[in-house]
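Construct the complete structure from the given sequences, taking the supplied hints into account.
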Amino acid sequence: MRDFVSRKIREIAPSGIRKFFDIVSEMKDAISLGVGEPDFGTPWEISEAGIRSVQKGFTHYTSNKGMPKLREAICKFLSSRYKVHYDKEEVVVTVGASEAIDVTLRAICDPGDEVLIPMPSYVSYAPCVSMAGGTPVGVECNESNGFIVTKEMLQSVITPKTKAIILPYPNNPTGAIMTRAQLEDIRQTIIDSDLLVISDEIYSELTYDGKHVSIASLDGMRERTVLLNGFSKAFAMTGWRIGYVCAPRDILDQILKVHQYAIMCAPTMAQYAALAALETGRESRYEAVEEMRTEYDCRRRYLLHEFNAMGLKCFEAKGAFYLFPSVASTGMDGEEFANALLKAEKVAVVPGSAFGKGGENHIRVSYAYSLEELEEAVKRIKKFLNKGEEI
Amino acid sequence: MDKNKELLSLLTQDCRRTPKQLAAILDESENEVKQRVAELERSGAIVKYSAILNDEMLDRDSVHAMIEVKVTPQKSKGFDAIAEEICRYPEVKSVYLISGDFDLAVFIEGKSLRSVSLFVSEKLSAIESVLSTATHFILKKYKVEGVITTKTGGGRLPVQP
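Chains as they are written, first to last, in the working numbering: chain A, 1 to 391; chain B, 1 to 161.
Only pairs whose alpha carbons sit at most 25 angstroms apart, straight line, appear in this in silico PhoX-like list of lysine-lysine:
id	chain 1	residue 1	chain 2	residue 2
1	A	K313	A	K346
2	A	K383	B	K20
3	B	K141	B	K111
4	A	K313	A	K379
5	B	K70	B	K93
6	B	K20	A	K379
7	B	K20	A	K313
8	A	K28	A	K346
9	A	K211	B	K3
10	A	K382	A	K313
11	B	K123	B	K111
12	A	K163	A	K8
13	A	K379	B	K34
14	A	K151	A	K211
15	A	K346	A	K382
16	B	K111	B	K140
17	A	K379	A	K343
18	A	K163	A	K257
19	A	K383	A	K28
20	B	K48	B	K141
21	A	K211	B	K5
22	A	K257	A	K69
23	B	K20	A	K387
24	B	K20	A	K382
These are calculated hints, taken from the structure and not from any lab test. Please read these numbers as outputs of a predicted model, since none were measured by experiment.
And the structure:
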């Protein structure tokens with residue numbers, strides 16, 4: 001029998017996290033700091049709106065783009081929160097921001113097109129670029145420049161084949177954000193090289209030092225930006241699978257084609273829940289989001305303090321819900337450290353190498369856990385480090 | 001007081017947090033935290049530290065009830081004197097003055113149905129200014145002091161990208 005699987009897919013490396021996941025799942029009483037989703041439940045009024053929609057019999061397809069009311073609410077949200085202005089016809093509601101990444105890349109990549117991806121980054125970008133027929137090109141960021149991309153870094157990797165750059169800030173796994181000044185710094189280079197920006201802003205509501213700035217709000221950027229966002233992180237709605245992509249009509253119409261043939265439309269029940277998230281949010285000035293952010297911020301400060309005190313130098317993450325401490329001082333790399341820690345103290349953290357180049361000497365620590373759980377984990381990590389010293 | 005909001009919320013969640021942990025979370029010095037906690041205790045803003053129990057998990061024979069009490073307010077003392085009198089019974093856990101059809105909400109804990117009934121019929125109703133009572137036995141507690149005691153929601157996968 002011949003190999004029925006596409007060569008392109010065979011060549012894609014399996015996720016580095018998978019192996020680790022299997023070990024942790026088998027282990028009883030392990031504490032995991034490895035998740036990438038909020039520990040909070042979806043606020044009840046949002047869930048209720050989803051339930052009510054089913055009870056009322058709203059169980060049919062919506063328009064491909066998503067319900068007009070929801071798209072209008074998304075536009076209002078973006079303009080009031082981040083001063084980026086879209087018309088509801090420039091929005092497609094997707095099955096999570098994950099689908100938004102995929103359909104955008106499939107709509108823009110031709111064979112040979114290079115797409116720049118800051119590293120370390122979320123694991124899906126490079127495989128999605130490859131699957132879309134493009135060529136992923138990593139832009140290695142590191143701790144010394146705060147895990148962001150700069151003009152100089154871009155200039156050194158841009159070739160005539162470069163078509164787009166993915167900007168994933170606030171960043172998973174580093175927690176880095178890009179300020180307005182830092183975005184301004186790369187703006188002209190992007191325009192001069194005629195690049196498209198795919199701005200993944202899924203963690204936009206979770207910043208702890210000033211408000212999030214969308215690159216689409218900068219001069220001359222809206223027309224060359226595809227903005228991706230969603231409800232998972234801000235409204236604790238990961239399981240609902242609901243996100244969106246915003247772009248100028250010409251690009252959006254092509255993205256819509258991919259979405260319409262692949263997905264038809266995002267789940268109707270989840271669309272109603274998302275609408276409630278934005279409507280009740282607006283009425284209460286996003287009180288629920290604010291409360292979660294305050295809580296995350298407490299945990300962030302606590303862990304920053306503890307990791308630095310333990311001698312695991314920790315970059316001051318200002319967004320998302322991850323810290324990315326360096327474990328270089330232990331003489332181990334991130335993978336060795338994560339494996340040893342899991343074995344000795346049953347604490348799971350994700351090796352930084354899973355997120356690409358630049359993360360090798362780091363571990364990703366999620367603080368989407370209660371302070372009590374974090375306190376227990378810190379106790380165990382301290383014990384682990386002290387043992388190491390005795391040997 | 002605003003400055004204490006975060007500190008109090010942390011202590012309300014878990015009063016066993018040490019000043020050292022609180023200082024790290026609040027980004028303050030340990031001494032400053034100690035002083036503020038001491039001041040809050042001294043002023044009575046923090047009444048006491050206690051454990052919240054989940055009766056479902058404990059093999060305890062205890063009966064909880066909420067009793068609505070209608071009373072005749074006393075001249076010049078209003079409801080205070082009668083409320084304070086009810087407070088003195090050790091089985092009474094909380095007493096609140098409420099609006100609506102009744103005047104006081106009294107929460108009591110007894111060893112058995114009988115002991116609660118006896119308390120109502122022989123002690124509470126016997127107080128002169130008590131006009132009437134309505135006893136509601138608590139059957140199940142879903143949320144206690146802001147903590148949901150019944151397990152809900154599925155777990156998260158332990159490792160995710």
